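Trainee: What follows is the residue order along each chain.
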Amino acid sequence: MDYQQYIFLIPLLPLVTFILLGIFGRKHFKTSAGIIGTASLLASTVLSLIAAYNYFFVDGKVNGLYQKIVVFKYSWLQFSPDVSIDMGIILDPISAMMIVIVSFVSLMVHVFSLGYMKGETRFATYYGFLSLFTFSMLGLVLSTNIFQVYIFWELVGVSSYLLIGFYYDRPSAVAASKKAFIVTRFADFGFLIGILVLGFYGGTLDIATLIERLTSSQSAEFLAISTASFVGVSALTWGLTLVFVGGAGKSAMFPLHIWLPDAMEGPTPVSALIHAATMVVAGVYLVARLFPIFSMDAVVLNIVTWVGASSAVIAAVIACTQTDIKRVLAYSTMSQIGYMMFALGIAKNGGEDGLGYMASMFHLFTHAFFKSLLFLAAGAVIHAVHSNEMKDMGGLRKLMPITHISFLVACLAIAGIPPFAGFFSKEEILLAAFQSNKIIYFLGLFTAGLTSFYMFRLYFSIFWNKSFHPVHTEGEEANPNDEGTLSMKLPLIILSVFAIFAGFVPFSKLVTADGLPLETHLNILFSVTPVALSIIAILFAAKLYKTENERPAKIALSLGTFYKAITNKFYIDEVYLFVTKKIVFNLIARPAAWIDRNVIDGCINGMAYVTATTSNVIKGVQSGKVQNYALYFFGGIAGLAVMFIYWWK
Amino acid sequence: MNEIPLTHVLYVSTALFFIGMYGLFTRRNMITMLMSIELLLNSVNINFVAFNKYLYPDKLDGVFFTIFIITIAAAEAAVAIAIIINLYRSHKSIDVEDAAELKW
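In order, the protein sequence lines correspond to chains A and B.
Residue 526 in my numbering sits at position 521 of the first sequence, and the numbers go up by one each step.
Residue 490 in my numbering sits at position 88 of the second sequence, and the numbers go up by one each step.
Just chain B, with the same shape it has in the complex:
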């Protein structure tokens, strides 16, 4: 079986990244936005793992980074959901457009 070339993996991660970005910009629901951010983080994870596997097969740095990122993503999700819950309590909505008071 032929090895899958690095570029293919990068195509996938890039696609994932822009899907995440698209979701982040277009969705108004904060939970969906949070999910989009998870997509962004995971695309980066794929990049780390792929570069580690293809360029430095004898090292594990990229994999470590991925584990760190997953950990941080979990923490970030917890914080973000706490914020969303608080926002819901005060605004009765989790629509990001409804929480635009912090402006000029």
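The shape of chain A in the complex, shown without the other chains:
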């Protein structure tokens, strides 16, 4: 089947929707915007599914090897015969997988938002932004050129900024959107320099060519980039590290994670789409896309591994203490992305050692379903309770049966209980870690236990614990309708199905580092430890949070300052504030402002002052009196006469 006929429609349909809703939405589509956006995305999703199906099962495989198919490519900016920024579409296992995830989750979010955002004054704008995001994300995953990736990378950043700040009348949302934009933009600066370093030595910006040139250890480009060094580190390491900095910023890896919890100020479906399932995994996707080059450099892979692992652990620890349910989910997202990162870091390109790569992509796949399900379910809860705080919830299982069940499914999935989706991908990651690095394995195991604990802490606090006292105004009884419209329940049900069954996708046959299918052998004995750990953690959480009791408070008290440090997220935000406000502002910004105000403005003001004063002095000459002018005229003539007589010989 010819992909050229329809694949460009996948990203273009949301773009058209965005333009339509962005320009005419507020006037003409005030209420129909949701239907329009959803319909166009439904078409996009169907096309993605067709494309992915054709790729994986019909013609993507040649001689048992998945090909990278460049569907179309257009030279957009040509710098030199070799270097150009292209706009193209590539289909390979990970991009085919990503378009399915992005369009599908986005579709679910579109449907959910029909109910969740109903009656919002900027309803059309909201759908416009969602479409913009979907377009950018699809463009990002289909890119053939590393600069094209960068362009779409910035576009997803912008749409994330717009959506976090959607409730722009709340100062906290505005602050959060700015924080997200600045932190990721700061990281993107690293990405840009990384691109330039790789592009400079590789002599091209095309990803496929770049990979080809930089992975054969005999090529001139590889020799150049690995011998050139700066501060004792090779240019290859620098370039890849800087690219990874960009990815870490987008994927909220420690220490660039500070924007993600605050980003929860946005509407909850947005958090489900952008800050759980799609945009935040862009960093993982980027590393995976350039993985053949990453695998040439052990140092960078080590950085990826440790950043991923530390993020996973730190986020899981913090998540145990947060009380805002969306923030718990945000930290859990960060923790799971840390998982994907370190799985990439411990992988090698191809063969049995490529297990980590495949596991990482697998986890990305399953995580997208259960995490967006968690967020949407949390959205439904927030919609009903009108609060983000755990203490306002409790005992909701009777009031919201569908939300309850789907949340439970998602929790079991993320906790890695068989046969839910998370179990399979997490086992693959732990197995890969076990085979290559025992320390990472134990960190991963520890995180897995913590994950089960805080997810079930959340689950029990929301749906069990005390009986529900509505915080509604007097007289307004909580009723079963609180669970929301059908459009809100339907995505929960569909995603629950995926959260249960996504693990059975024969992923190792489809997505691997080198395109060859990988034989996985799930070892039951190996799975016992993580699963047992998860169950213990769940029982522990149940003991603490299933009924209302004093135990959690006592434990918190006994941990003392340590607990306080965790609640305050290890004071990382404070460190950032200290660095920016005290150091950057005082030592760099203030002197710069002083120079601007006094030296540069002073020069300009001085020039203006001199001109004004001089003209004030000499303007009396222009008296408007004819006789004065005549006098100057005669004076001038007399002066000239004197000159001619005495000096002109």
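Pairs of lysine to any residue residues, derived as SDA-like cross-links and limited to a Cα-Cα distance of at most 25 Å, are as follows:
#1 B:Lys-505 with A:Thr-619
#2 A:Lys-630 with B:Met-423
#3 A:Lys-630 with B:Ile-487
#4 A:Lys-630 with B:Leu-441
#5 A:Lys-630 with B:Tyr-490
#6 A:Lys-630 with B:Ala-501
#7 A:Lys-569 with A:Leu-582
#8 A:Lys-630 with B:Val-481
#9 A:Lys-630 with B:Ile-496
#10 A:Lys-624 with B:Ala-502
#11 A:Lys-630 with B:Asn-431
#12 A:Lys-630 with B:Ala-482
#13 A:Lys-630 with B:Ala-480
#14 A:Lys-630 with B:Phe-420
#15 A:Lys-630 with B:Ser-438
#16 A:Lys-624 with B:Thr-428
#17 B:Lys-505 with A:Ala-617
#18 A:Lys-630 with B:Arg-491
#19 A:Lys-630 with B:Glu-440
#20 A:Lys-630 with B:Ser-492
#21 A:Lys-630 with B:Ile-439
#22 B:Lys-494 with A:Ser-628
#23 B:Lys-505 with A:Ser-620
To be clear, the hints were calculated from the coordinates, so they are not data collected in a lab.
Predicted model only: the values in this text are computed from it and were never measured.
Given the coordinates of chain A, assemble chain B onto it according to the supplied hints.
Mentor: Chain B alone, transformed into the frame defined by chain A:
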């Protein structure tokens, strides 16, 4: 009868020139100023004629110039009087001090 020397003629023309200049600078009435300008022009005419007569008696260039200047002076007077009349219509005055709007 002795010929009058050139310098005498020049004294007269110089005197005429400075009388004209004095009038131009001191009088506020525009008609008087115009008359002063005529004095200036005529002093120049005298110079032209005198130099022609004393230095190049066989040529007529200076006399031609004088005729040109007289012609131009007539035209200039016409233009100047037109300006003065217009000024009078707008300002109800031909005092040059009253027409000092064109300044900074």
